Amino acid sequence: MDFSIHITGFVALYIFMLAAFAGWVIIGHVPAILHTPLMSGSNFVHGIVVVGGMFALLNASTVQEQAIGFFAVLLGAGNAAGGYAVTVRMLAMFQTSGQKTHSAKHGRAKARHLKAT
Amino acid sequence: MTMTGIAQLIIGVTDLVAALLFMYGLKRMSSPVTAPSGIFVAGIGMLVAVLAGFFYAFDVGAAAKPHLTVNVGLGVLALVVGGGIAWWGGKKVAMTAMPQMVALYNGMGGGAAGAIAAVELFGTKTPGATQLVVTLLGALIGSISLSGSLIAWAKLEGVIKKPLRVPGQQYFNILVLLGTLAVAAYLVYVAQGGIGQLLPTPQLIYLFFGCALAYGILMTLPIGGADMPVVISIYNAATGLAVGLEGFVLENPALMIAGMVVGAAGTLLTLLMAKAMNRSVANVLFTNFGGAAKHKTSHIKGSLKPTAAADAAIFMRYAKSVIIVPGYGLAAAQAQQKLYEFVKLLLAAGVSVKFAIHPVAGRMPGQMDVLLAEAGVPYDLIFQLDDINEEFKTTDVALVIGANDVVNPAARTDKSSPIFGMPILNADQAKQVYVVKRGQGKGYADIVNALFYADNCNMVYGDAAAVMTMMIEAVRGLGTKAAA
Numbered sequence: 001m002d003f004s005i006h007i008t009g010f011v012a013l014y015i016f017m018l019a020a021f022a023g024w025v026i027i028g029h030v031p032a033i034l035h036t037p038l039m040s041g042s043n044f045v046h047g048i049v050v051v052g053g054m055f056a057l058l059n060a061s062t063v064q065e066q067a068i069g070f071f072a073v074l075l076g077a078g079n080a081a082g083g084y085a086v087t088v089r090m091l092a093m094f095q096t097s098g099q100k101t102h103s104a105k106h107g108r109a110k111a112r113h114l115k116a117t
Numbered sequence: 118m119t120m121t122g123i124a125q126l127i128i129g130v131t132d133l134v135a136a137l138l139f140m141y142g143l144k145r146m147s148s149p150v151t152a153p154s155g156i157f158v159a160g161i162g163m164l165v166a167v168l169a170g171f172f173y174a175f176d177v178g179a180a181a182k183p184h185l186t187v188n189v190g191l192g193v194l195a196l197v198v199g200g201g202i203a204w205w206g207g208k209k210v211a212m213t214a215m216p217q218m219v220a221l222y223n224g225m226g227g228g229a230a231g232a233i234a235a236v237e238l239f240g241t242k243t244p245g246a247t248q249l250v251v252t253l254l255g256a257l258i259g260s261i262s263l264s265g266s267l268i269a270w271a272k273l274e275g276v277i278k279k280p281l282r283v284p285g286q287q288y289f290n291i292l293v294l295l296g297t298l299a300v301a302a303y304l305v306y307v308a309q310g311g312i313g314q315l316l317p318t319p320q321l322i323y324l325f326f327g328c329a330l331a332y333g334i335l336m337t338l339p340i341g342g343a344d345m346p347v348v349i350s351i352y353n354a355a356t357g358l359a360v361g362l363e364g365f366v367l368e369n370p371a372l373m374i375a376g377m378v379v380g381a382a383g384t385l386l387t388l389l390m391a392k393a394m395n396r397s398v399a400n401v402l403f404t405n406f407g408g409a410a411k412h413k414t415s416h417i418k419g420s421l422k423p424t425a426a427a428d429a430a431i432f433m434r435y436a437k438s439v440i441i442v443p444g445y446g447l448a449a450a451q452a453q454q455k456l457y458e459f460v461k462l463l464l465a466a467g468v469s470v471k472f473a474i475h476p477v478a479g480r481m482p483g484q485m486d487v488l489l490a491e492a493g494v495p496y497d498l499i500f501q502l503d504d505i506n507e508e509f510k511t512t513d514v515a516l517v518i519g520a521n522d523v524v525n526p527a528a529r530t531d532k533s534s535p536i537f538g539m540p541i542l543n544a545d546q547a548k549q550v551y552v553v554k555r556g557q558g559k560g561y562a563d564i565v566n567a568l569f570y571a572d573n574c575n576m577v578y579g580d581a582a583a584v585m586t587m588m589i590e591a592v593r594g595l596g597t598k599a600a601a
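Residue numbers (the working numbering), protein chains in the order written: chain A, 1 to 117; chain B, 118 to 601.
The set of hints was computed from the structure by calculation and includes no laboratory data.
Stretch by stretch, here's where chain A covers chain B in the computed footprint (C-beta under 8 Å, at least three residues):
#, stretch
1, 139-153
2, 156-167
3, 174-182
4, 227-239
5, 366-376
Derived coverage of chain B by chain A (criterion: at least 3 residues anywhere in the stretch with Cβ under 8 Å from a Cβ of chain A; other residues may be distant):
#, stretch
6, 123-132
7, 201-209
8, 344-353
Just so you know, these numbers come straight off a predicted model, no measurement behind them.
For every residue, glycine included, the Cβ atom is placed at its ideal position computed from N, Cα and C.
Can you make the complete structure from the sequences, with help from the hints?
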């Protein structure tokens, strides 16, 4: 069986159209309070570009391709890992005051702020 | 089944799962209750997609086979180094520095998309015209996103202090963009067998990337710091688009879907943010072009007058009316609860207390209402900008906590100010203004706030939580003995 994927002209346009519509609908009714975390979260999602970078790097056959491919994976990995880390931290800030599971995190953040003062 | 077939099957399935998890995760992230689990779900999608990415090793072309061991090693190294540094940075960064961090990560994504395009362009494969056009378009958008995001980062971080504006800048920028497009078109023409090549193809590719990167820089330089959240959001959508386009070139549906979902979601988010700031996106991007704005800081009269938290608290205790203007600093110090405790003391003493909320209070539009509600502040004490701005004139004390640009009178009067035109809270019109601030640093927009130097304004320096504790103690202390 052949599992390789081939995407051409109109199929690509259909995928793009449906994905764009999905993105628009998903974000449609988001409250303003979540604008920035959601920006960060979607920033994390396009970190999937790292997979494209891996494809380019693994298929590299010249030093130039290897160098640029390495660069692509490096940056893509940074996008994904960093985007995840900041989004998680940001969303932890939105815990309701009743939940104490994140009090340790807040304590640390507070200590840092006090130190900075 | 061959190893290649198995690898393709594994990649196909995991990418499908990843695309689903991304969309489901983003959906969960659009409600405060489910948001933390949303990012976790999306994270799992990313993890499996990256791990499955190594199966590409079983499906490489003949030319790359001899280099496979080295390439896999380089891949692991790049993942560990790039991911590790960014992870560490993301964990360590202060909450207040979050927007520029997002800008930085976003630029990385754009750069990665541009780099993938570069590999395709320099590569030995001869792509069809559609493939080539899409590659170039993704490269253009990704490169602009990279250099533009870096400038946005530099502005928010304070590396670049003020917007750079020169007359005719707008026209020059358009010329650079047209030049970039011309080089791209010429590359397509050459690839299609066009004759009369002026430069060797590699040089053309370098020129193309150089122009695209330059345009990102030029486009972002004139935009003021206060507009940066909108700009970052635009570049976020742009990177998504670039990733989607490169996904098409690589025939990877996961990249196409994730990229395009972010492209659309990012565009909508940008529009929503701009709306919350009472600006149009075009206004943010182009409003200050051409206007030779020289930013003067010398015209500010007066001096910063520090005062003790206890003195300010007692003054408020004996005032008739107090309006509180909370900002990001309050949230960063997690001092909402303490603030409300203080407010309850004032209310009990017969002082009229109201909260005035700016549309973009707290950098995350709408965040402040929720934070105050969580701390137990009754909704009838919370007023939006339009409803309360007239009242400052007749109010005894305006207490500004951790807010800066949203009360900067320069937005009303100073045409050269980067925040000119932004609606502000007229805290300066109150009889007495107290500003609780961590230090003497400038605000988000990185501009001097004339309010702090005004005759009727006193500064209370310190962490908002610590200051509120002192204020509470001072007012409570009045019950037994006269506080100093």
